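Asker: From just these sequences and the hints, can you work out the full model?
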Amino acid sequence: MRALLPLGAIEPFVRECLGCRCPAEVFEQVESEKRALFGIQFQRMLAGNRLLVYLVLDAGSEPMPGVVGKLHQLGVAERDAAGYNRLRIVLPAELTDSLRSEVIEVFADVAEGDEKVHLHFVPQERLETCRVTAV
-18 MRALLPLGAI EPFVRECLGC RCPAEVFEQV ESEKRALFGI QFQRMLAGNR LLVYLVLDAG
42 SEPMPGVVGK LHQLGVAERD AAGYNRLRIV LPAELTDSLR SEVIEVFADV AEGDEKVHLH
102 FVPQERLETC RVTAV
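Those letters in the sequence shown? Residues -18 to 116, per this note's numbering, in order.
Among the hints, a few may not be true.
Unchecked claim - In the DMTMM-like style, the derived pairs of lysine to aspartate or glutamate whose C-alpha atoms are separated by at most 25 Å in a straight line are:
no.	residue 1	residue 2
1	K15	E106
2	K51	E93
3	K51	E12
4	K97	E83
5	K15	E59
6	K51	E96
7	K51	D90
8	K15	E75
9	K51	D78
10	K51	E83
11	K51	D95
12	K97	E12
13	K97	E9
14	K97	E59
15	K97	D61
16	K15	E(-3)
17	K15	D39
18	K51	D61
19	K15	E43
20	K15	E(-8)
21	K97	E(-8)
22	K51	D39
23	K51	E86
24	K15	E109
25	K97	E(-3)
26	K97	E14
27	K97	E6
28	K97	E86
29	K51	E14
30	K51	E75
31	K15	D61
Unchecked claim - What follows is a list of derived Cβ distance ranges for each label pair:
no.	residue 1	residue 2	range
32	L(-15)	E75	15 to 25 Å
33	A17	L(-12)	14 to 24 Å
34	S82	E6	33 to 43 Å
35	E6	S79	35 to 45 Å
36	S79	L(-12)	29 to 39 Å
The set of hints was computed from the structure by calculation and includes no laboratory data. Model, not experiment: these values are computed from the prediction. In this text, a Cβ means the ideal position worked out from N, Cα and C, and glycines have one as well.
Answerer: Set out below in structure tokens:
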């Protein structure tokens, strides 16, 4: 299970790991909390009431393609209801090639036509780098 990113690590994580080019003022207001959905544990991060990020901490017994489908549904509903600009779903990069391909295929189906939702695969070592930077 991955550990939560501290508040100070969120901006470096979003900028360096996800490649976001949000203006600096977006990170003046940052929220973070741990949530669970059907056994899936994830960190919900919100920057500037614009950028919503779901970082999977533990998928539980849910197959990773199912995780993507469920978090996409939840995230898009939250994004649209609150008027946020973007949703980014972040999964561990340490997946087999076949599983990663399956996840990408599921994501392509559920996110078809929505250019404001993105899927990222981030290795644990990159998350650790952001944690150290924040200290």
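Asker: For every hint, state whether the structure bears it out.
Answerer: We went through each hint and held it up to the structure:
For the given pair, K15 sits about 20 Å from E106 by alpha-carbon distance, which is consistent with the 25 Å threshold. A threshold of 25 Å between alpha carbons decides the hint, and for K51 with E93 the separation of about 15 Å falls inside it, so the pair holds. Restraint check for K51 and E12: the C-alpha separation of about 22 Å stays at or below 25 Å, so the hint holds. For the given pair, K97 sits about 21 Å from E83 by alpha-carbon distance, which is consistent with the 25 Å threshold.
The suggested pairing of K15 with E59 holds, with an alpha-carbon distance near 15 Å, which does not exceed 25 Å. Between K51 and E96 the alpha-carbon distance is near 18 Å, which keeps this suggested pair within the 25 Å criterion. Note on K51 and D90: the hinted pairing holds, with a Cα-Cα distance of about 13 Å set against a maximum of 25 Å. Between K15 and E75, the direct Cα distance comes to roughly 21 Å. Compliance with the 25 Å bound is thereby established for this hinted pair.
The suggested pairing of K51 with D78 holds, with an alpha-carbon distance near 21 Å, which does not exceed 25 Å. Taken as a hint, the K51 and E83 pair is honoured in the structure, with Cα atoms around 15 Å apart against an allowance of 25 Å. For a cut-off of 25 Å, the pair hint linking K51 to D95 stands: about 16 Å separates their Cα positions. In summary, the hint linking K97 to E12 is supported, as the alpha carbons are separated by about 20 Å, within the 25 Å threshold.
For a cut-off of 25 Å, the pair hint linking K97 to E9 stands: about 22 Å separates their Cα positions. Between K97 and E59 the CA atoms are separated by roughly 13 Å; this keeps the pair inside 25 Å, and the hint holds. Under the criterion of a C-alpha separation no larger than 25 Å, the hint pairing K97 with D61 is consistent with the structure, at around 11 Å. Straight-line distance between C-alpha atoms of K15 and E(-3) comes to about 22 Å, which keeps the hinted pair within the 25 Å bound.
A distance of roughly 11 Å separates the Cα atoms of K15 and D39; the hinted pair therefore holds under the 25 Å criterion. For the suggested pair K51 and D61, the alpha carbons sit about 16 Å apart, so the restraint of at most 25 Å is met. For the hint pairing K15 with E43, the CA-to-CA distance comes to about 18 Å; that is within 25 Å, so the pair holds. For the hint pairing K15 with E(-8), the CA-to-CA distance comes to about 17 Å; that is within 25 Å, so the pair holds.
For a cut-off of 25 Å, the pair hint linking K97 to E(-8) stands: about 19 Å separates their Cα positions. Restraint check for K51 and D39: the C-alpha separation of about 14 Å stays at or below 25 Å, so the hint holds. A distance of roughly 14 Å separates the Cα atoms of K51 and E86; the hinted pair therefore holds under the 25 Å criterion. Using a Cα cut-off of 25 Å, the hinted pair K15 and E109 holds, with the two alpha carbons roughly 18 Å apart.
Distance restraint check for K97 and E(-3): the Cα-Cα separation of roughly 19 Å lies within the 25 Å cut-off, and the hinted pair is therefore satisfied. For the hint linking K97 to E14, the alpha-carbon distance of about 22 Å falls within 25 Å, and the restraint holds. With a C-alpha separation of about 20 Å, the suggested pair K97 and E6 falls inside the 25 Å cut-off, and the hint holds. Proposed proximity of K97 and E86 is supported: the alpha carbons are some 17 Å apart, at most 25 Å.
Between the alpha carbons of K51 and E14 the distance comes to roughly 18 Å, so the proposed pair stays at or under 25 Å and holds. A C-alpha spacing of about 20 Å is found between K51 and E75, which places the hinted pair at or below 25 Å, so the restraint holds. In summary, the hint linking K15 to D61 is supported, as the alpha carbons are separated by about 21 Å, within the 25 Å threshold. Look at L(-15) against E75: about 18 Å separates their beta carbons, and that is inside 15 to 25 Å.
At roughly 20 Å, the beta-carbon separation of A17 and L(-12) lies within the given 14 to 24 Å, and the hint holds. Between S82 and E6, the C-beta spacing of about 38 Å keeps the proposed range 33 to 43 Å intact. Separation of E6 from S79 is about 42 Å and conforms to the stated range, judged on CB atoms against 35 to 45 Å. In this structure, S79 and L(-12) meet the distance hint of 29 to 39 Å, their C-beta atoms being roughly 36 Å apart.
Violated hints are absent here; each numbered hint is respected by the structure.
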